[in-house]
Amino acid sequence: MKIVTTRRISQTFFFSIFVWFCIVGTVGQKWWQLRGWPINWFLQLDPLVAIGTILTTHTFYRPLLWALATIILTIVFGRFFCSWVCPFGSLHHFTGFLGNRRKSAAQKIQLNKYRRAQCIKYFVLVLFLSMAAFPSLAATLQTGLLDPIPLITRSFNLVLLPIADSPVSFVSIAQRFYEGAWLILAVFLTAVFLNLLIPRFYCRFICPLGALFAIFSRFAIWRIGKREKECIDCKLCEKACEGGCGPAGNIRISECVLCFNCRQDCKDELIGYQTQSSLAGEVTNPDISRRGFVLSLAGGIFAVPAVRLSGKLAGNWHYKVIRPPGALAEEEFLKRCIKCGQCMRLCPTNVIQPSGIEAGLENLWTPVLNNRIGSSGCQLNCTACGQICPTSAIRPITLAEKLGTDEFSDAGPIKLGTAFFDRGRCLPWAMDKPCIVCQENCPLSPKAIYTREYFSTVRDGIFTVKRAVDKTIETVEETIAPGKFATGDYYCISEDGERSKIAANTENTLVISADKRFGKIPAAGGKIEVQVRLQRPYVDIEKCTGCGVCEHECPVSGRRAVRVSAEGETRSADRALLLKR
Amino acid sequence: MTEENDRNFGRRRFLARAAKAGISIAAAAGASYLLYDSKGPGAGGKAKELVTLPDFSLPARPGQTISVVKGSDRIRTLNKAIELLGGIERFIRPGETVAIKPNVAFASPPMLAATTHPDLVAELVRLCLNKARAKKVIVTDNPINDPASCFALSGIGKAASQAGAKIILPKAHLFRHTTLAGGKLIKDWPVFYEPFAGADKLIGIAPVKDHHRSAASMTMKNFYGLLGGRRNIFHQDINTIIAELAMMVRPTLVILDGTEVMMTNGPTGGSVSDLRRANTLIASTDMVAADSYGCGLLDLKVTDLPYLAKAQSAGVGTTDIDSLKPIFATIS
Amino acid sequence: MGLIHGRARRLESAVSICLLSILFLIGLGVFIKQFDMDMSRFGISTESDTGTIRQPPLRSIVPAGFEALSEITSYNPENLYEKIDGKASLYVESGFKELFTQRFVSTSDESLWFELFVYDMAAVRNAFSVYSVQTRAEAVILPAFAYAYKTGNALFFVHGRYYIELVGSAESGELFKAMTEVAQKIQANLTVDDDSRIAELALFPQEDLVPGSVKLYLANAFGFEGLTDTFTARYQIDDETITGFISKRPDLQDAQAVAKSYYNFLIENGAVVKNTAGKTLEGKIVDFYDTTEIVFATGPFVAGIHEAQSQQAAEKLAIMLINKLSKAAKAESND
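Chains as they are written, first to last, in this note's numbering: chain Z, 3 to 583; chain B, 4 to 335; chain P, 6 to 340.
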């Protein structure tokens, strides 16, 4: 059995389980739902996730320990991950093959030669890691922007899967929405279509994870190399070289992704995978200039303060950054979030959304709640996002901690923010229309939204009595359409101030409620007033957890009349609205 | 021969590489072990290192706790008041660093008496530097408005630096988190710490003002300026926070300036018609006593200011001024 | 050359097989891992639909001439004390699940209002227990309901697993009429699956029984741990009020064991054995600080008399109980 065939099987295998992990990412117990599928496994294998968080937090979070295995295997065998495991790499491998299969051998050799620009990925890596490494200057973890595992996880889960699933509605019953998904898709498609230009374009020029593996593969014990110094120099070994590492000459070990195509293509079987260095010579170090290194290092150091000049981590923080329950305080959060989108994928109500850049560049694709999207706000009895977060940017809280019960009763429930009423838009406040949808939907017990009764005279609501018999009053004005005041919310006030509910109304005639009569039946020519009974909503700020269910349900469906903003969120003391007791 | 050499060379290279690979693996595993974190972050993120402000107070000297001097000239009343308590030398030793905390809360002119009078600050600086031969005097506050404009417009910045003091404006790195033992509100809260941490003595110097939330702002309320963060949240429980401030900050001496008293529209005032001349200046080592005397200047009783009783029961000082045998003097 | 390459190919195949085995093991590992699920970590309870918003089980119950004065408010075991403070433990210890409350006011007289309390006690016995132990002294039994009574300003009843209180602001006929209407609407609208009557109530002889005096103690009756699910009833015998009790056990042996241990409990706490006139009660009567206590087992029932002033009356009631219970035991064993 040829090793290249084995490699293809391995790539297919890992790509398939990766796709499978995307499909099963729905909270549930059916075999094709979440159950115990280790859907974070690829993220955990990714050493860039591990090293990035180590740099920002100085700890190696237990679930990421898989990355150590990847690192050790890389030190021993070289960049096996890129050509054997990485689902993004496999995708590039395959599209590169498809796009260039009609080209001649000479063209292919030309396409797959080593290029100086392959050093760009090292600068990308250095830039990201230096952004993460200097906490005194404000550290932020931005590797997730280009780290292939978070990138493909995000792209598949938040874009491709919803598109594929929308006609069949198999994975999720309701259509999933992700705000700004077009940008995620654009990045993904760009990366994929660049393979038509040069195979594995992303892997060779951009991939910071590949760059990291290149560094770890320096001392690889087994390596690809020529067994003889001299050969016929047919260059056929470079025809399908995935890494562009130039195996015909001085092979660049740091670029070699162990695809074994060279070994396959060498007619004289002169290329092997062995402990001996290539007899034709090899280059172990990545080809990076000192100037480029210093520039990208300095760029990373100064990028964070530059990004933060907008004050989004200071007083100018964005009130719309409502993080999922259990999210760390903002600075700590940004040190851990890798923008993989697993929380957004898993969220049963689809309320967790990828952030745009309005809350700061660093925030791109980090999770925020948008209560206008999805089936409801943050569900009271759900902690899925924290349980799935691979880096604990959202802590794996228990239900007791979220709800503030049991041992957490002193701390109280976790607040995501606070709901605020926009009295200029709220129906009972601004338009004298009865509505208590928000109050009814508040999931808390006791409810955080309460109402106060208020009677408001309707527009042109003073009528002159034409005739009144017991409970039936006919008006002089001919403006009352049948049924207008018969909803049960309208009341009739007599001249002596008696208020009674209007039970029915026909054309220009009001009938007051049967169980009530005016103390004095209004005389002809007297005045009556029609009032509407309103229950105006208020937020009990001590109870509100900012779950956003009210905002989701608000019938003022454009700009909602009740909106959650992040003030009062538990995770940051300086955004509190009330003193802690 | 060359082939043999090549092979030997190759073997040596391989061994070197294998050794390096082994070391790399060991390093990776070792680093992982050192950095290993099985639990992930806790609810509060990383625990902050908490600090406690030093205690600047001196042992009490019975009969020389509080002095009240009547007179319209602040400089003379200040000198007299301190002299009556034993002179500035009682409080400041040669070579010491003195922190002075005036009320620089607003960017308002000295005339409005919303801030400590600059002449008073300057004179106090001179007393410390020239008479008590302090090594260094710093004048600092964390104002509500923009600090630089507050120090400039109140006149305190210029007066103090001309007198030889160093002005320290609040900056984020000067704040540290503190928790007041026995406190209810000051818990893991940022305080303006660094300037005071390096000082040997602390003198608070504040005007007597009406205050919307707390009825009166005097020497105790003056230390509100030490709070960082979103401190306006404490306005919900103003009496407790003032009492807790008095527990947290233990000044060497406080000066309460009642020469001109802001009677109405405090704490900002805004009109001279808010002011009344009371021609009184108090020096005291007991903030509670100073404020208890000062509230009389606002036509308030001690019981009108619940924070006084709270502070007294917390053992900060006494509202019973007579028990301290205050020293009265008048300068014509 | 051919030999070397042949060996190389074999090695290649061997390595491939090794690698494929590793892939197989990874696949197997993933497959095994997927069985490892604990949905409660995600906040998903496998038993009930706790993830949904709870709506009170009440439909429109506003009585004629009244309107709602407040929203329906609900309380759970954690925050019940916010509503009823010190009394919360009584409910919580008796299986309380949820309380819904709402206030209604007369449309003609603002001073006439009442508050409705609907306690979901999870089971009819729990509901009856909290109902019965709180029964007010001046209770007037309402025969229109299964278990219900009224006082001057209030109405209390059990409806399936719910215990319901209607507390008025005044002693008024109009209020009482409205509260009765609410009670009837609840009976008609609030569906309950466990509506069964409590069998033990029929075990008390009706003669001389004080109406509405039956109480159910779910645990710790008379301060004795062993007496669970114990019903007590008051009797008016010879101008004296006497309390009898019955607790149904699984079988005769258990009943005898509980009767024995309760008897020992009384002796340990200072009771003195008494002689009896009638033979049937020999060895079952004790004097407990000048009151008479009787305990015996009949069939699967533990029963007896508690704190009777007169031994004569106590024995009379005891014999009434024995007769009734032995009939019941016989009927049961015949089934």
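Calculated from the structure, these hints are not laboratory results. Quick reminder that beta carbons are idealized off the backbone N, C-alpha and C, glycines included. One should not assume that every hint holds.
Stated by the list, open to error - Here are some chain B residues pointing at chain Z (derived, C-beta under 8 Å): (1) 32; (2) 33; (3) 99; (4) 232; (5) 234.
Comparing the hints with the structure gives:
1. 32: Check passed: Cβ of residue 32 (chain B) comes within 7 Å of chain Z, closer than 8 Å.
2. 33: violated, 11 Å
3. 99: violated, 32 Å
4. 232: holds, 6 Å
5. 234: Since chain Z brings no Cβ nearer than about 10 Å to residue 234 (chain B), farther than 8 Å, the hint is violated.
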